[in-house]
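J.: Our numbering puts the first residue of the sequence shown at 1, with every later residue one more than the last.
Read the hints as simulated data drawn from the structure, not as lab findings.
Wrong hints could be hidden among the right ones.
[As the list claims (entries may be wrong)] Simulated restraints on C-beta separations:
#1 K239 - F168: 17 to 27 angstroms
#2 P262 - D158: 26 to 36 angstroms
#3 E10 - E165: 12 to 22 angstroms
[What the hints assert, rightly or not] Using 20 angstroms as the maximum straight-line C-alpha spacing, the simulated EDC-like pairs for lysine to aspartate or glutamate come out as follows:
#4 K244 - E283
#5 K12 - D203
#6 K244 - E188
No residue lacks a Cβ here, since even glycine has one placed at the ideal position from N, Cα and C.
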Amino acid sequence: MGTDTSDKPEFKRSPSGFVDRITADGSEGWPVEPGRYRLVVSRACPWANRAMIARRLLGLEPTLSLAVADPIQDERSWRFTLDPDGRDPVLGIRYLAEAYHARDPEYTGGISVPAIVDVPSGKLVTNDYLRIPAELATEWRSLHRAGAPDLYPEPLRDEIEEISEEIFRDVNNGVYVCGFARTQRTYERAFTALFDRLDALSDRLARRRYLVGDSITVADIALFVTLVRFDAVYHGHFKCNRNKLTEMPVLWAYARDLFQTPGIGDTVDFDHIKRHYYVVHHEINPSGIVPLGPDLSGWLAPHGREELGGRPFGDGTPPGPPPEEERLPAQF
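Using the sequences plus the hints, can you model the full thing?
T.: Structural data, given as structure tokens:
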């Protein structure tokens, strides 16, 4: 393998710039209130997909509205060109950057999703992509639907955090380090760590249906959002090509199990995913050509994971269908 040791800058994910907490008691200045906040996402983004899945499973659609950005960014980043007149109908803005600058007029950092915006003031509250799902599961409990699952059960939190950190470092972020590597050494280290971790997760999931406990938690959501994008973009576009997901039997069955679970697969838009990665990343794909593959029909094939036991929603129940305005067209 190569030994390139040049000092070209490598990919490093920026920390969240705004980490205010929306709490049940409002002790940090942002109280949980129905209708007050708007969750801004891109369906292409895995970090935003985490928040979307948690919102769906917990039944927060009536109380936390959703804004969907165009998967194709321009020089001002995420924009609302999917909406009439190119403006978000609730916030009245053309770019998510406007909510960032309403919060801090001097802000010059990146504009990222997911972002939760305070509707009355138009100000960004938080873009803490790692913590939003757990916050929705805990602080927003009073607004959960009847039968909502416990995605962050207190007795399992230490284990959830430990495995989620491993997934973040080696898998969620690892695919990006591979894709944006500037040296052979950096790429090979990230590639090895990625597939070593996927192998370890496969061994774990060969014996159990879910990562922690016997029902879906935020740890499963964290792993799923990378797996569901793996063959469509990470395998080829980011050179994560030791195996396709479809060539890793345990993880492929696990991912199909989650995809077919109400509230999870219905948040996934493969068209947005592919167009974002292949069109926006000019340095990796300068032609901007979006591949026609892979064949996605296998996502609906039987997975057989029920034999391992477990209950997707624990003591809860499945969510109902998504609101009409959030339903996706048939993708296969």
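J.: Could you run down the list of hints and mark each one as holding or not?
T.: The hints, checked one at a time:
1. K239 - F168: 17 to 27 angstroms: holds (20 angstroms)
2. P262 - D158: 26 to 36 angstroms: holds (29 angstroms)
3. E10 - E165: 12 to 22 angstroms: holds (20 angstroms)
4. K244 - E283: violated (23 angstroms)
5. K12 - D203: violated (29 angstroms)
6. K244 - E188: holds (17 angstroms)
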